[in-house]
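Make the full structure from the sequences, and use the hints.
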Amino acid sequence: MALLDVKNVTKQFGGLKALSDVSMTVEAGEIFGLMGANGAGKTTLFSVIAGHVPPTAGEVHFDGRRITGASPSRICRAGLCRTFQIVRPFGGLTVAENVRVAALYGAGGRQDRAAVARAVDDALEAVGLADRREILASGLTLSGQKRLEIARALATGARLVMLDEVMAGLNPTEIAAMLETLADLRNRRGLTFVIVEHVIGALMTLSDRILVLDHGERIAFGTPDEIGRDAKVAEVYFG
Amino acid sequence: MDTLLSGQLLFAALVSGSLYALVALGLNLVYGTLRLLNIAHGDLVMIGAYTAFGAFSLFHLPPVISVFLAAAVCAGLGWAVYEGLFRRLLANPTLAKRVEANSLILFYGISVILQNVVAMTFTASSRGYQYLDTVITWGGVSMTGNRLLTLIVASAVCFGTLLFLRHTLFGWSLRAVIERREAAQVVGVNLNRVQLITICAGFAAAGVAGTLVSMTEQITPFMGFPFTIVAFVVIIVGGLGNIGAGVLAGFCLGLVETYGIALTSPGYRSILIYGLFVAVLLIRPEGVFSKAVRS
Amino acid sequence: MKGLILGLVCVAGAAAVPMLGNPYYTGVIFQLAMWIALAQSWSMLSATTGYLSLGHAVFYGIGAYVCVLLTGSVPFAVTLIAGALAAGIFAAAIGLPVLRVRGPYFVILTYGLSELVRHVVMRIESALGSFGRMIFIVPPIEVLMWCMLGLATLACLGAWAIRHSTFGAGLSAIREDEVAAETVGVPVTRLKLLAFVASAIIPGAVGGLALLRTSYFEPGQAFDPVISFTIVTMALVGGTETVRGPILGAVALTLLSELLWSNLPQLYMVVLGSTLIGFILFVPRGVSGLVDQIAGRR
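Residue numbers (this note's numbering), protein chains in the order written: chain A, 1 to 239; chain B, 1001 to 1295; chain C, 2001 to 2298.
Do not rely on the hints blindly, as some may be mistaken.
[As the list claims (entries may be wrong)] Pairwise CB distance ranges, derived in the manner of DEER restraints:
hint	chain 1	residue 1	chain 2	residue 2	range
1	A	Glu-125	B	Asn-1092	33 to 39 Å
2	A	His-215	B	Ala-1183	25 to 31 Å
3	B	Ser-1265	C	Val-2138	42 to 48 Å
4	A	Pro-54	B	Leu-1148	41 to 47 Å
5	A	Asp-21	B	Ser-1265	55 to 61 Å
6	A	Gly-139	C	Val-2074	42 to 48 Å
7	C	Val-2138	A	Ser-138	49 to 55 Å
8	B	Asn-1092	A	Ala-114	38 to 44 Å
9	C	Cys-2010	B	Ser-1126	53 to 59 Å
10	B	Leu-1248	C	Leu-2128	35 to 41 Å
11	B	Val-1135	C	Val-2138	52 to 58 Å
12	C	Leu-2128	B	Gln-1130	36 to 42 Å
13	A	Gly-169	B	Ala-1183	31 to 37 Å
14	B	Asn-1092	A	Ala-176	36 to 42 Å
These are computed hints drawn from the structure, not numbers from a lab. Glycine included, each C-beta is placed from N, C-alpha and C at the ideal position.
Here is the structure:
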């Protein structure tokens, strides 16, 4: 059974259809890519899945349970967590405190101090922020704050993490490091990722399967190779 | 039922409506340009009222003259507040982060200071003077001259301001700042100057309103807060930063209040006003907020 | 730990003050403990979540009102508990809609709500033909002072416990970014409501005790907005980042008030307003932050 099952989701903002009848299934342990131009509906889809906005029609199931209409915090505790394209660190808290909140309240619901400390250490280690743990989150570079977003999502103990453009604004070296981090997390921890990315090269390298959206509609789906050869995609991207 | 349909009641409603529109106009101008809620706005009405009272009782200056004095005093306060406090607040990054909530507390501090300075100067007991209080009957409606004057002056200032905003260069730049702050700066509007002038003008409007109030009501150092609340209701209903709709909403509130009290009893006035205030904030928090964020 | 011991020594010292035999000092301790309890309760919501309440007088007033209504028919301890419960229930009832309103709108909304309740109670009282209610049999001042001291201690311990708990971690995440907090699993709405109720309960009991001290109830006084203002000023002057902040602020301003209030109340208010403005602009971390700076921490 699929870990995440999105069924015929439509989202309408006033007269504007941001998503129309989008379906997708994500299997446990895969990296699932979402592609599309600006305004294609990727972030809206994230928001619908994570519970930030209710869909106009359609359903979302996670791990066999219906999560449509549940609050983001409840969805997170069920094991699905997202990051934000425009980073939202808890600026006045330290890096470690940021991650600690996620460890305390996330899917693990850990109350045991040692387990929380371990989850915080693990998450910081995984994204390479262990040496910055005592500085205020607002003092991190953009790249650092993007890593912090991921560390928080990991610390929640989520099994599925949705990453919204974690590579935008990073330089090539940082992108390479991030790619390595993500592949490593999937291989060693068996995490599942849904990623939205503008950096197409990164998306192609990383993803097992890719869904392409255009103007809120699904226009292509397949392995990176198939997407690379798809005529419709070429038309949208290269005109 | 007869009293409800009388011109008398309508006149009363228009008088208080025009005053509310004027008080709210000042608050709205300051909010529109600075994006800060001035909780001390009603206290400026009070300052205006005491200026007129002082001028009348000490120098026998009639309100038609002291109104300019009151406007000047309040504008001066606006200048002091802007230059002395807000440039400092906005310049400090840790404060600017939560500048809205901080500025509200700051304004509350100003409010407390103004009230008690006036109470120390004039004592806390209520004051009043008599000016144009002869009754005129016109079209079957009896009115005192000072109320008629209130209606005329308050309406004239409100509509004059609206015309000014629509037909002058400064009015245009001010509206640009209200609607598109950053863009206005890009096209060469001097933000600092517009903000300073607007805060002075907004405070002055409150001073004018205070002078008008002092002609017809007993004044006390603590009379200001209800005016602040009324002004908040008006500009939230009319749309924050939307000057024209605010004036209209001011008149509407005057009608609602006057007829509401006529149907119940004057004892319910505060409950009605505060109830409206709470209801407006509770029902439209997103409306209030999203407007503020969007602009 | 050092702070806790110091605090307990202070409480023990204060509790022994009636042995001096001067009721004036007992009264001062009563005032001190009252403001500490109020400022500390306020900090449970406002310092942790950043939702600044300018309407805490409403909880104090409700406590006082419930207490005056019950006095005579039940023992005085029960009236206090009832006052605390009523304040807590009121907070729970209005919490959900009120806490959806944010930033400066929350500040003025709490103020407006407090004023609304004040006018409603005044209306009820005048409809009942009552212009203030007297209480004739009240416990001795020492007993009232000890109760207030207990409430202050409870408030400080409560504030400390909240700040060092999972609950407190969630609240500071809410203060920093509500959406992000919700996303990493913090049940934002429930936590805010709990904090709101927690910060209302002790002020309810404080209102009851203060009423017994003055043995006179008048709604205009019991719901006086100056109470809300004083609470906010004390907490901000003391500093909102630590548990000792509200204590320091309450002590400093209560002593100032003892000096000025009885003779020059208006001057006291002017000084209060100026102090608040000065601290917001120049000492945003409050006295507590100053102490840290001088001690060379951070």
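Structure-based check of all given hints:
1. Glu-125/A x Asn-1092/B: 33 to 39 Å: At 37 Å between Cβs, range holds.
2. His-215/A x Ala-1183/B: 25 to 31 Å: The hint (25 to 31 Å, Cβ to Cβ) holds, given that His-215/A and Ala-1183/B are roughly 28 Å apart.
3. Ser-1265/B x Val-2138/C: 42 to 48 Å: violated, 35 Å
4. Pro-54/A x Leu-1148/B: 41 to 47 Å: This hint is violated: roughly 55 Å between Cβ atoms.
5. Asp-21/A x Ser-1265/B: 55 to 61 Å: holds, 59 Å
6. Gly-139/A x Val-2074/C: 42 to 48 Å: Because 56 Å falls outside the window, the suggested range is violated.
7. Val-2138/C x Ser-138/A: 49 to 55 Å: holds, 52 Å
8. Asn-1092/B x Ala-114/A: 38 to 44 Å: Once the Cβ atoms are compared, 41 Å apart, the range 38 to 44 Å for Ala-114/A and Asn-1092/B holds.
9. Cys-2010/C x Ser-1126/B: 53 to 59 Å: This hint is violated: roughly 45 Å between Cβ atoms.
10. Leu-1248/B x Leu-2128/C: 35 to 41 Å: Between Leu-1248/B and Leu-2128/C, where Cβ atoms are some 40 Å apart, the hint holds.
11. Val-1135/B x Val-2138/C: 52 to 58 Å: holds, 53 Å
12. Leu-2128/C x Gln-1130/B: 36 to 42 Å: holds, 37 Å
13. Gly-169/A x Ala-1183/B: 31 to 37 Å: Because 24 Å falls outside the window, the suggested range is violated.
14. Asn-1092/B x Ala-176/A: 36 to 42 Å: holds, 40 Å
Hint compliance for this structure: hints 3, 4, 6, 9, 13 are not met, and every other hint is.
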